[in-house]
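Novice: According to numbering that gives the first Met the number 0, the stretch in the sequence shown is residues 0 to 100, in order.
A portion of the hints provided could be inaccurate.
[Claimed, not checked] FRET-style restraints, in silico, Cβ to Cβ: (1) 93 x 41: 15 to 25 Å; (2) 73 x 11: 13 to 23 Å; (3) 21 x 91: 35 to 45 Å; (4) 11 x 96: 17 to 27 Å.
[Said to hold, decoys possible] Cross-link-like lysine to any residue pairs, in silico, SDA-like; alpha carbons within 20 Å at most: (5) 95 x 75; (6) 95 x 84; (7) 95 x 47; (8) 95 x 54; (9) 95 x 34; (10) 90 x 27; (11) 90 x 41; (12) 90 x 65; (13) 95 x 39; (14) 70 x 26; (15) 70 x 81; (16) 90 x 76; (17) 90 x 64; (18) 90 x 14; (19) 70 x 59; (20) 90 x 37; (21) 70 x 18; (22) 90 x 50; (23) 90 x 44; (24) 95 x 65; (25) 90 x 47; (26) 70 x 54; (27) 90 x 19; (28) 70 x 41; (29) 70 x 25; (30) 70 x 91; (31) 90 x 43; (32) 90 x 74; (33) 90 x 51; (34) 90 x 35; (35) 70 x 28; (36) 90 x 33; (37) 90 x 79; (38) 90 x 52.
If you are wondering where the hints come from, they were derived from the structure by calculation, not from laboratory data.
Quantities reported herein were computed from a predicted structural model and do not represent experimental measurements.
All residues carry an ideal CB built from backbone N, CA and C; glycine is no exception.
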Amino acid sequence: MNRRSPSVTLLQASQNNPGLARLMELHRESNVRLQAISTLIPATFRHQVQAGPFEEGVWCLLLSNNTTAAKLRQLLPAFEAHLRTHSLEVKSIRLKVRRGD
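Please model the entire structure based on the sequences and the hints provided.
Specialist: Right, dumping it as structure tokens:
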């Protein structure tokens, strides 16, 4: 007789696994930062930016192309200042262009 273990939600699984809970917290922190700076990103570029990893104070933005990276590189000081005013400190912001999804 095969017994199936009951299914659990991601929230339940994260509550039972400290590593997964930490990963979910980092993901949440990254998304909060993106939401905080979204108004500073030109509207034509917003859909090309995703929140990436946030580890040890270094936050990564995932971008769809080099044009977006070039524009956002100019805005990094404004992003960092805006995050500071909202108590969302970062040591630095990295930009990474995603290659052929």
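Novice: Each hint should be assessed against the structure and marked as holding or not.
Specialist: Consistency of the hints with the structure:
no. : hint                : result
1   : 93 x 41: 15 to 25 Å : holds (20 Å)
2   : 73 x 11: 13 to 23 Å : violated (43 Å)
3   : 21 x 91: 35 to 45 Å : violated (21 Å)
4   : 11 x 96: 17 to 27 Å : violated (36 Å)
5   : 95 x 75             : holds (13 Å)
6   : 95 x 84             : violated (25 Å)
7   : 95 x 47             : holds (12 Å)
8   : 95 x 54             : holds (15 Å)
9   : 95 x 34             : holds (18 Å)
10  : 90 x 27             : holds (18 Å)
11  : 90 x 41             : violated (23 Å)
12  : 90 x 65             : violated (23 Å)
13  : 95 x 39             : holds (18 Å)
14  : 70 x 26             : violated (24 Å)
15  : 70 x 81             : holds (17 Å)
16  : 90 x 76             : holds (12 Å)
17  : 90 x 64             : violated (24 Å)
18  : 90 x 14             : violated (28 Å)
19  : 70 x 59             : holds (15 Å)
20  : 90 x 37             : holds (19 Å)
21  : 70 x 18             : violated (35 Å)
22  : 90 x 50             : holds (16 Å)
23  : 90 x 44             : violated (24 Å)
24  : 95 x 65             : holds (9 Å)
25  : 90 x 47             : violated (23 Å)
26  : 70 x 54             : violated (24 Å)
27  : 90 x 19             : violated (24 Å)
28  : 70 x 41             : holds (9 Å)
29  : 70 x 25             : violated (26 Å)
30  : 70 x 91             : holds (17 Å)
31  : 90 x 43             : violated (27 Å)
32  : 90 x 74             : holds (16 Å)
33  : 90 x 51             : holds (15 Å)
34  : 90 x 35             : holds (16 Å)
35  : 70 x 28             : violated (24 Å)
36  : 90 x 33             : holds (15 Å)
37  : 90 x 79             : holds (9 Å)
38  : 90 x 52             : holds (13 Å)
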